[in-house]
Amino acid sequence: DGGITQSPKYLFRKEGQNVTLSCEQNLNHDAMYWYRQDPGQGLRLIYYSQIVNDFQKGDIAEGYSVSREKKESFPLTVTSAQKNPTAFYLCASSGRNEQYFGPGTRLTVT
Amino acid sequence: AQSVTQPDIHITVSEGASLELRCNYSYGATPYLFWYVQSPGQGLQLLLKYFSGDTLVQGIKGFEAEFKRSQSSFNLRKPSVHWSDAAEYFCALISSGSARQLTFGSGTQLTVLP
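Chains as they are written, first to last, in our numbering: chain A, 1 to 110; chain B, 111 to 224.
FYI, nobody ran anything at the bench for these hints, they're computed from the structure.
Every value quoted in this text rests on a predicted model; they were computed, and no experiment measured them.
Think of the CB as a built atom: it goes at the ideal place given N, C-alpha and C, for glycine as much as any other residue.
One or more hints might be untrue.
As the list claims (entries may be wrong) - Below are the SDA-like pairs computed for lysine to any residue, each with C-alpha atoms no more than 25 angstroms apart in a straight line:
hint	chain 1	residue 1	chain 2	residue 2
1	B	K159	A	R68
2	A	K71	B	G153
3	A	K57	B	G138
4	A	K70	A	P39
5	A	K70	A	K83
6	A	K9	B	A196
7	B	K159	A	K83
8	A	K71	B	Q155
9	B	K171	A	T5
10	A	K83	B	S216
11	B	K171	A	G3
12	B	K159	A	K70
13	A	K71	B	I170
Said to hold, decoys possible - Label pairs and their in silico Cβ distance ranges:
hint	chain 1	residue 1	chain 2	residue 2	range
14	A	T79	B	G172	38 to 48 angstroms
15	A	N84	B	G163	38 to 48 angstroms
16	A	D59	B	I121	22 to 32 angstroms
17	B	G138	A	Q17	38 to 48 angstroms
18	A	N18	B	G126	42 to 52 angstroms
19	A	N28	B	G126	35 to 45 angstroms
20	A	D38	B	S190	27 to 37 angstroms
21	A	T110	B	G138	36 to 46 angstroms
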């Protein structure tokens, strides 16, 4: 089955620690995206990548970093510089115009 | 810059009743428009999309949406709601740039009463 996997589903970290969220796709899509979702705010774009070894900042990139070493993988690191990291994080990929989403990772930082 | 507005934060309907969720957009050209649905704690599932052509588009789960250029709207409809339709619904627009970024509305939470 083709799709997007995100792991883990729930993640807990202490304040001051960096944490990496995994996103893998087997849809052979060139473009991949990371979104953050907070209650009542819809989805906001963190980073996106249109091709391997290239990525661009989205609307709320501060405190986050990404890499795109393989077409299938687009991990997101939430650094200690992110002031409010607790949120639901969604990864997506697209071939032409449609974006397909993974199941999400809920990150809680205390 | 493009934007998407969903005026209704929360809508409650009875099971079997009809449903219409509103979506208005602001964009300088003909947009690519989408409706997604999200169940609690889950990712987003694509319901339907409009790129061009027939302004009434059919989607999955019995949903349809109508693109009205004169009103800058793309409202989602369903003739008879099922309890399983309770979820959050997002309208989205894609940018014309090469990055194909999605701009989302803030979502409409649908509650279905038995």
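Pair hint outcome, K71 of chain A versus G153 of chain B [Cα-Cα no greater than 25 angstroms]: holds (21 angstroms)
25 angstroms limit on alpha-carbon distance, applied to hinted pair K159 of chain B and K83 of chain A: Distance of about 35 angstroms is beyond 25 angstroms: violated.
K70 of chain A paired with P39 of chain A [C-alpha distance capped at 25 angstroms]: violated (32 angstroms)
Whether the CB-CB distance between N84 of chain A and G163 of chain B falls inside 38 to 48 angstroms: Since N84 of chain A and G163 of chain B have Cβ atoms about 42 angstroms apart, the given range 38 to 48 angstroms holds.
Pair hint K83 of chain A and S216 of chain B, alpha-carbon separation not exceeding 25 angstroms: Distance of about 22 angstroms is within 25 angstroms: holds.
Range hint 35 to 45 angstroms (beta carbons of N28 of chain A and G126 of chain B) holds or violated: Check passed, 42 angstroms falls within 35 to 45 angstroms.
Verdict for T79 of chain A, G172 of chain B (Cβ pair) under range 38 to 48 angstroms: holds (44 angstroms)
Proposed proximity, G3 of chain A with K171 of chain B (alpha carbon, max 25 angstroms): Roughly 20 angstroms separates the two Cα atoms, so the pair holds.
Supplied distance hint 36 to 46 angstroms, evaluated on CB atoms of T110 of chain A and G138 of chain B: holds (44 angstroms)
Restraint status (C-alpha distance of K57 of chain A to G138 of chain B at most 25 angstroms): At roughly 23 angstroms apart (the allowed maximum being 25 angstroms), G138 of chain B and K57 of chain A satisfy the hint.
Distance restraint between K71 of chain A and Q155 of chain B, which requires alpha-carbon spacing of 25 angstroms or less: It holds: about 22 angstroms lies between the C-alpha atoms, which stays within 25 angstroms.
Consistency of beta-carbon spacing, S190 of chain B to D38 of chain A, with hint 27 to 37 angstroms: holds (33 angstroms)
When held up to the earlier numbered hints, the structure conflicts with 1, 4, 5, 7, 12, 13 and fits the remainder.
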